[in-house]
Amino acid sequence: KNQVEQSPQSLIILEGKNCTLQCNYTVSPFSNLRWYKQDTGRGPVSLTIMTFSENTKSNGRYTATLDADTKQSSLHITASQLSDSASYICVVSPNDYKLSFGAGTTVTVRA
Amino acid sequence: GAVVSQHPSWVICKSGTSVKIECRSLDFQATTMFWYRQFPKQSLMLMATSNEGSKATYEQGVEKDKFLINHASLTLSTLTVTSAHPEDSSFYICSARRTGGAEQYFGPGTRLTVT
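Quick note, the sequences are listed as chains A and B, same order. Each residue of the first sequence is one higher than the one before, counting from 5 in the working numbering. Each residue of the second sequence is one higher than the one before, counting from 142 in the working numbering.
Honestly, the hints are just simulated from the structure, not real lab data.
Distance condition first, Cα-Cα at most 25 angstroms in a straight line; then the derived DSS-like pairs of lysine-lysine:
id, chain 1, residue 1, chain 2, residue 2
1, B, Lys182, A, Lys102
2, B, Lys155, B, Lys205
3, A, Lys102, A, Lys61
4, B, Lys207, B, Lys155
5, B, Lys196, B, Lys207
6, A, Lys102, A, Lys75
7, B, Lys205, A, Lys102
8, A, Lys102, B, Lys207
9, A, Lys102, B, Lys196
10, B, Lys196, B, Lys161
11, A, Lys21, A, Lys61
12, A, Lys61, A, Lys75
Chain B side only, calculated, beta carbon under 8 angstroms to chain A, not exhaustive:
id, residue
13, Gln183
14, Leu185
15, Gln245
16, Gly248
Yeah, the Cβ is synthetic: ideal placement off N, Cα and C, and Gly gets one too.
Between the sequences and the hints, there should be enough to build the whole structure, so can you do that?
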């Protein structure tokens, strides 16, 4: 069973709207949680990285939250743009060596 | 900083031939590099971890004789898919970890199609 579960699998939103992606994990111990953006046919690009003690981290219109007690994270995209169309991957690290990848949420932004 | 490149970005080869994919850290030294494979609509799956100057460590189920990894310098790792078959067609992504650091920086990926 995958230790990092993301939902929804995919979503479609209108340009300018907001959306929130979810990530639940069972990875233990926990070192950090990262959100990546992966454009089609490209490698992942880091958006945010949070350690156990951090509750929220922003990168422009992207805001990630972390609840280490419930082992949940979310990624909020504000005022979506067409260029936000991509797969968003939640990655949890038990240490600095191993990464556990979620399957990703595919976001499609329509004009 | 922390740019990782891959070459080629895409390659088509015939079944039974071998193909080499390069991963380079352009502006930093990387003691450790990682090779991943990603099938459509699936997560990245770690294939192997390569450390400069030593043998690669392969994940369970990955054939080391089929996927040859060489990490001969602090800025270059290569993955050679030997005797490629259509089922090896996939998106191969490398990442590099800066010497002394923890963050992994991903390359842009290489699309391999075996006909």
